[in-house]
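Input sequences plus hints: build the corresponding full structure.
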Amino acid sequence: MTILQEHAPNPAADDEGRPIGYGRLQRKEDPRFVRGRGHYVDDITLPGMLHGAILRSPVAHARLVSIDTTAALAHPGVVAVITGADLLGLGLAWAPTLSADVQAVLVTDKVRFQGQEVAFVVAEDRYAARDALELIEVDYDVLPPVVDARKALDADAPVVRDEMEGRTDNHIFDWEAGNKAETDAVFAAADVVVSQEIVYPRSHPAPMETCGAVADFDAVTGKLTLYETSQAPHAHRTLFAMVAGIPEHKIRIVSPDIGGGFGNKVGIYPGYILAVVGSIVTGKPVKWMEDRSENLMSTSFARDYIMQGEIAATKDGRILAVRTKVLADHGAFNATAQPTKYPAGFFHIFTGSYDLQAAHCSVTGVYTNKAPGGVAYACSFRVTEAVYLVERLVDILAAKLEMDPAELRLKNLIKPEQFPYPNKTGWEYDSGDYERALRLSMKMAGYDDLRREQQAKRDRGELMGIGISFFTETVGAGPRKHMDIVGLGMNDGAELRVHPTGKAVVRISVQSQGQGHETTFAQIVAEEIGIPPEDIDVVHGDTDQTPFGLGTYGSRSTPVSGAAVALVARKVREKARFIAAAMLETRPEDLEWEKGRWFVKGDPSVGKTIAEIAMGAYGTVALPEGIDGNLDAEVTYDPPNLTFPFGAYICVVDVDPGTGHVTVRRFVAVDDCGTRINPMIIEGQVHGGLTDGVGMALMQFIEFDESGNNLGGSFMDYLIPTAMEVPDWETGYTVTPSPHHPIGAKGIGESATVGSPPAIVNAVVDALAPFGITHMDMPCTPARVWAAIQGRPRPPI
Amino acid sequence: MQIPAPFEYARADTVDDAIALLSRYGPEARIIAGGHSLLPMMKLRLARPEWLIDINDLFELDFVLRDGDRLRIGALTRHTTLLESAEIAALFPIVGDAERVIADPIVRNRGTIGGSLCQADPAEDLATVCDVLGAEAIVRGPLGERMLTMTEFHRGAYETAVAADELLCEVRIPIRPRSGSAYEKVERRVGDWAVAAAGAALSFAEDGTIAEASVGLTAVGLDGTVGAVTELLRGERPGEQLFIEAGRLAALAADPVADQRGPVDYKRHLADELTRRVLRRATDRVAEFAGATGHPTTPQEG
Chain A
1 MTILQEHAPN
11 PAADDEGRPI
21 GYGRLQRKED
31 PRFVRGRGHY
41 VDDITLPGML
51 HGAILRSPVA
61 HARLVSIDTT
71 AALAHPGVVA
81 VITGADLLGL
91 GLAWAPTLSA
101 DVQAVLVTDK
111 VRFQGQEVAF
121 VVAEDRYAAR
131 DALELIEVDY
141 DVLPPVVDAR
151 KALDADAPVV
161 RDEMEGRTDN
171 HIFDWEAGNK
181 AETDAVFAAA
191 DVVVSQEIVY
201 PRSHPAPMET
211 CGAVADFDAV
221 TGKLTLYETS
231 QAPHAHRTLF
241 AMVAGIPEHK
251 IRIVSPDIGG
261 GFGNKVGIYP
271 GYILAVVGSI
281 VTGKPVKWME
291 DRSENLMSTS
301 FARDYIMQGE
311 IAATKDGRIL
321 AVRTKVLADH
331 GAFNATAQPT
341 KYPAGFFHIF
351 TGSYDLQAAH
361 CSVTGVYTNK
371 APGGVAYACS
381 FRVTEAVYLV
391 ERLVDILAAK
401 LEMDPAELRL
411 KNLIKPEQFP
421 YPNKTGWEYD
431 SGDYERALRL
441 SMKMAGYDDL
451 RREQQAKRDR
461 GELMGIGISF
471 FTETVGAGPR
481 KHMDIVGLGM
491 NDGAELRVHP
501 TGKAVVRISV
511 QSQGQGHETT
521 FAQIVAEEIG
531 IPPEDIDVVH
541 GDTDQTPFGL
551 GTYGSRSTPV
561 SGAAVALVAR
571 KVREKARFIA
581 AAMLETRPED
591 LEWEKGRWFV
601 KGDPSVGKTI
611 AEIAMGAYGT
621 VALPEGIDGN
631 LDAEVTYDPP
641 NLTFPFGAYI
651 CVVDVDPGTG
661 HVTVRRFVAV
671 DDCGTRINPM
681 IIEGQVHGGL
691 TDGVGMALMQ
701 FIEFDESGNN
711 LGGSFMDYLI
721 PTAMEVPDWE
731 TGYTVTPSPH
741 HPIGAKGIGE
751 SATVGSPPAI
761 VNAVVDALAP
771 FGITHMDMPC
781 TPARVWAAIQ
791 GRPRPPI
Chain B
1 MQIPAPFEYA
11 RADTVDDAIA
21 LLSRYGPEAR
31 IIAGGHSLLP
41 MMKLRLARPE
51 WLIDINDLFE
61 LDFVLRDGDR
71 LRIGALTRHT
81 TLLESAEIAA
91 LFPIVGDAER
101 VIADPIVRNR
111 GTIGGSLCQA
121 DPAEDLATVC
131 DVLGAEAIVR
141 GPLGERMLTM
151 TEFHRGAYET
161 AVAADELLCE
171 VRIPIRPRSG
181 SAYEKVERRV
191 GDWAVAAAGA
201 ALSFAEDGTI
211 AEASVGLTAV
221 GLDGTVGAVT
231 ELLRGERPGE
241 QLFIEAGRLA
251 ALAADPVADQ
261 RGPVDYKRHL
271 ADELTRRVLR
281 RATDRVAEFA
291 GATGHPTTPQ
301 EG
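The listed protein sequences derive, respectively, from chains A and B.
Quick note: the first sequence uses this note's numbering, first residue 1, plus one each step.
Quick note: the second sequence uses this note's numbering, first residue 1, plus one each step.
If you are wondering where the hints come from, they were derived from the structure by calculation, not from laboratory data.
Glycine included, C-beta positions come from ideal geometry on N, C-alpha and C.
Be careful, since some hints might not be right.
Not the full set, but computed from the structure, chain B residues with beta-carbon under 7 Å of chain A [said to hold, decoys possible]:
{"hint": "1", "residue": "Gln2"}
{"hint": "2", "residue": "Ile3"}
{"hint": "3", "residue": "Thr151"}
{"hint": "4", "residue": "Val186"}
{"hint": "5", "residue": "Arg188"}
{"hint": "6", "residue": "Arg189"}
{"hint": "7", "residue": "Val190"}
{"hint": "8", "residue": "Val257"}
{"hint": "9", "residue": "Gly262"}
{"hint": "10", "residue": "Tyr266"}
{"hint": "11", "residue": "Glu273"}
Anything over 10 Å on all C-beta distances counts as not near chain A; from chain B, calculated [said to hold, decoys possible]:
{"hint": "12", "residue": "Met1"}
{"hint": "13", "residue": "Tyr25"}
{"hint": "14", "residue": "Glu28"}
{"hint": "15", "residue": "Glu50"}
{"hint": "16", "residue": "Asp57"}
{"hint": "17", "residue": "Leu83"}
{"hint": "18", "residue": "Arg146"}
{"hint": "19", "residue": "Gly191"}
{"hint": "20", "residue": "Val195"}
{"hint": "21", "residue": "Gly221"}
Written out as C-alpha cells, the structure reads:
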C-alpha cells in the first residue's frame with residue numbers, strides 16, 4: 001500500500017501520541033469486535049422470547065388460491081401462524097414503501113416475486129418455526145411472469161400490480177433532468193457521436209449480518225421496543241407510528257451493533273412488521289432473523305439499470321454533451337429509498353467530472369416480477385450507475401478518437417477555478433481540483449511505463465489492460481428545501497453533554513454499520529473542544545437516547561451528522577467561554593481559545609480547561625445571566641448543499657486469452673474527500689469499496705431464469721470477492737475541503753464503490769482492444785470475456 | 001441461520017463401530033467427516049439424512065503411507081495434509097495443483113479425501129485426480145473389505161458404489177516410474193466450483209515414449225478418463241502437435257451443460273485448452289520426477 005502526502009504529526013496529541021482531534025486513531029469500537037463481544041440483533045435474548053419464520057413463495061407470479069395452516073399449528077412448539085388474511089383484518093396486509101408505493105407484508109391476492117412473504121410462523125424455538133413452514137399447504141395458480149424489464153411495457157405484458165385500481169401496465173414513473181432541446185442541438189452539430197447500451201446488472205449488498213428484528217410489545221405500558229437491523233432507526237420509528245398506529249412516543253427502536261448495511265438495512269421489511277405483529281398477537285417478545293438465502297432473494301437489491309448512453313465531442317477531443325435514456329427495473333414494489341423529488345436518485349450526476357455544454361437524461365421505472373428495492377449497495381442514490389455510464393462512454397469515445405483515455409480526461413476535466421461549478425442538470429459542485437488528483441494517480445501508477453509495458457506485451461500476444469475512471473460523487477443528502485424521504489427532511493441532530501469531570505457524551509442520529517462512528521465523531525468533538533477522544537462516548541442507534549435524524553446511507557454521516565457534531569461542539573465551546581469568563585472574573589471577549597482551554601488574552605498562564613469549566617458549570621460558580629448550569633448543547637443540521645467527493649482510479653489487469661480469466665494486478669486509488677478526520681478509517685472504507693468494485697466488475701450479479709427464479713439465492717451462486725481476487729490496494733489522496741461544510745469534510749463511504757467498477761471494466765475492455773472490442777457488460781466473468789473475443793479476427797498486436 | 005431438517009447424531013469410535021451404526025440406521029444414515037458439502041446441502045434441505053454418523057474420531061483413517069510401489073492415503077486425511085505432504089508433492093504433483101484450488105484454507109482444514117470422493121460432485125477435483133492417477137478405493141462393510149477401481153467406484157453424479165452400510169477407508173495410488181502429472185482449473189472466484197478443469201498423468205518408457213497416459217475432466221459431463229486420449233498418446237513421443245490433438249479429443253469427449261458458469265461452447269473449449277496445458281506441464285514434470293526409480297528420464301520432443 002502506498003500512502004502519499006501523509007499528515008505531519010499532530011501537535012495536539014497526548015503522551016502516547018494519540019491525536020486529540022483528527023489523525024490516525026485506532027477504532028474505539030474494535031476492542032469489543034475483536035474479542036467477539038459485539039452485540040447484534042441475533043445476540044438479543046429476552047425472557048419468554050418466541051421465534052418467527054417466514055414461508056416464502058417458490059414461484060415468481062401466482063394467484064394465491066388457498067392456504068391451509070392446520071398441520072403447522074399442530075406442530076409441537078408452534079404458537080401462532082399468521083397469514084395475509086389475518087393481516088387484512090388488522091389493516092396491516094400492505095405497508096407503505098419509502099417511495100409512495102405500497103408493499104405486501106404477507107400475500108393476500110397474488111405472489112409477485114419468488115421469495116415473497118406468504119405466511120409467518122411463531123414458535124417456541126427457531127427450529128420448530130422452520131420445520132412448521134413445511135407443513136403449511138399453499139395452493140398457487142401460477143401466472144406468466146414479467147422478468148425482462150425490456151418487455152415490461154409491452155402491450156401484452158402481464159400486469160404485476162393489478163391490485164391497483166385502473167392499472168393496466170407496469171409503468172411506474174418517467175423522470176428527466178437537463179435540457180433536451182439544447183442537448184439534441186449540440187449532438188446534431190457535433191463532429192463525433194458515440195453511443196452504447198450499458199447495463200448495470202442487478203446485484204445485492206449482501207451484508208455479513210442478514211436482516212432481523214426482536215419485537216417486544218408490552219401490552220401493559222403500550223410500549224413497543226423493536227431491536228432491528230436498521231440504518232435509519234428514527235425514520236423507522238416515525239414510519240412504524242404511521243403504519244401500525246402505535247403512538248410515536250410509545251415506540252423505541254434500537255439498532256445495536258450492525259454487521260454491515262450498504263443500503264440493505266434502510267427499508268422496512270415485512271419481517272420486521274411480522275415480528276411486531278407476532279409480539280402483539282402472542283404477548284411475548286418475538287425474534288425473526290432471516291437466513292442468507294432469504295436475505296439475497298427478498299431484501300433490497302441494487303442497480304438494475306439498462307442505460308442507452310451517448311456522448312458528443314469535437315474531433316480533437318473536446319467533450320460537448322452527454323445524453324442517456326434509462327430503463328430502471330424496480331421489481332414488484334417501488335420500494336427504493338430515494339428523496340421524494342428524485343425517483344432516480346442522484347442519477348443526474350451522470351455528467352461526471354467534465355465541463356459540458358449540455359446534458360439530458362430520462363429515466364423510466366417499471367415493475368417486474370422480481371424482489372423490490374433498489375436502495376442499496378453503497379450506491380449514493382444511483383451515483384454508481386451514473387459514474388459507470390459516463391466513464392464507460394468517455395473510454396468508448398477515446399477509442400473512437402484514438403486518443404489516450406487519460407489525455408482525453410485531462411482535456412475535459414472541470415478546472416479548479418470553475419468551482420463552485422453549476423452542471424447542466426442542476427447540481428452545484430462545491431469544490432475540486434480534478435487535474436491534480438488524476439495526475440497524482442498517474443504518477444503513482446507509473447502510467448507511461450504501464451503503457452509501454454502493455455505495448456511490449458501486445459507484441460508478444462499477451463493481453464494487459466489499463467483502465468481509468470474519474471468520478472465525482474454527490475453525497476450528504478441533504479438540504480431540506482430539496483430533499484425528504486416520505487416527507488421527513490434529510491437533516492440530522494446532535495447533542496453534546498460535558499459531564500462535571502470533563503468527560504463527554506455525544507448523541508447522534510446516524511447509525512454505524514461498521515463505519516467507525518464511535519471513533520470519528522469522538523474525534524470531531526475532540527478537535528473542537530480539545531478533550532481526548534477516549535473521554536468522549538458516542539451514543540447512537542437508540543431512538544430513546546438520541547436526537548432525531550435520517551440515518552446512515554448515501555455517505556451522509558460525515559457530511560450531515562459530522563457537521564452537526566462539529567457545530568454542537570462549537571456551541572459548547574462558546575458556552576464554555578462565558579462560564580470561563582465568570583470563573584476568571586473577566587469578560588468573554590477577553591478570552592482566547594487554544595485546543596482544550598480558554599485563556600486570558602495576553603496572559604496565557606491564566607485560563608481554564610474544558611474540564612475545569614465543566615466543574616464550574618455544574619458547581620457553585622455564579623453564572624452570567626442566560627447561561628444554564630450545565631455544559632450541554634444540541635443542534636439539528638440542515639446542509640446548505642451536498643458535498644462532492646471525487647477521485648481518480650487506475651486499474652491494471654491481465655487477461656488469459658485461453659480461458660478469459662481476468663486478474664486485477666494493480667489498483668491505484670486517489671481520493672479527495674475534503675478534510676480527513678481519521679485517515680486509517682478512510683483507507684479502510686476505500687479498501688472495502690474497491691473490493692466491492694472487483695465483485696461487481698468481475699463476478700457479482702443476480703440472474704433470473706425465464707420463470708423468474710432467482711439464480712443467486714446463496715453464496716454458492718452469488719459470488720462476493722475474497723482476498724484472493726484483490727491486489728494490494730495503492731491509495732493516495734488530495735485534500736480539497738468543502739467550502740460549505742463546517743469542517744470541510746465531504747464523506748468517503750461510497751466513493752470507492754462508485755469509482756472502481758468503471759476502472760476495472762475499462763481495464764478489461766482495454767486489454768481486449770486489439771480484438772476491436774470497445775465495450776462489454778459486467779460482470780466480466782471468464783465465460784463472458786472468452787465469448788467476447790470469439791469470432792473476432794485477432795489482429796497483429 | 002439456515003436450519004436443516006431434524007436429524008439424529010452418533011459418533012463412531014472405530015471403523016467397525018461406524019459400519020455397525022450404518023447397518024443399524026439404514027440407508028437414511030450419512031457419514032459426516034469434514035461436512036463441507038453435506039452440511040450446506042442439509043441447511044438448504046437438499047439433503048435430509050435421518051442420522052449423521054460422525055467419523056472424525058477414526059484417527060486410524062488419517063494417514064499418508066508409502067507402501068512399495070503404491071501410496072496409501074486414509075479416507076479421513078484432510079485436504080491440508082495432502083497439500084502439505086512433501087511425499088505427495090514429489091510423487092503426484094497433480095494433487096497439490098488440485099488442492100491449492102479446492103475451496104479455501106478453512107474448508108481444506110476440515111474436508112477429507114474420502115468425503116470428496118463419496119460426495120461425488122461432478123465438479124469434484126479429487127475425483128478427476130484419482131481417475132487419472134489410476135487410484136483404487138478400499139471399501140469396508142459388514143462382510144469385509146473390497147477393492148474398487150475408480151471406474152467401479154463412480155456411478156455418476158452424487159452416486160458411488162459404496163453401499164449404505166459401507167465405509168470408504170483408503171485410497172491407493174500406484175507409483176509409476178518416470179511419471180508426471182498436473183491439474184488446472186478455471187473458476188469464477190476462489191472457492192467457486194470449477195467452470196471446468198483438467199488433470200493429466202503421464203509416465204514414460206525408458207526410451208522416452210509415453211508408456212501410460214490419462215486425462216480427466218472436471219465439471220464438463222465426463223465420467224472417468226478420456227479413452228481416446230490415452231490411446232492417442234500411448235507409445236508416442238510428447239509434443240505440441242500431439243497435445244493439440246489430445247485437446248481436440250478431450251473437447252469431443254466432454255458433454256457439458258450450460259449454467260451460470262458458462263455456456264456449452266466455452267466449457268468445451270476449456271476442456272481442449274486445459275488438456276493441452278496440463279499435458280505440457282505433466283511432461284515438464286517428468287524430468288523432475290525422482291519418485292519411483294531415482295532415475296529421472298528426460299523425454300524427447302516427438
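- Item | Indices of hints not satisfied (ascending) | 3, 8, 12, 19, 20
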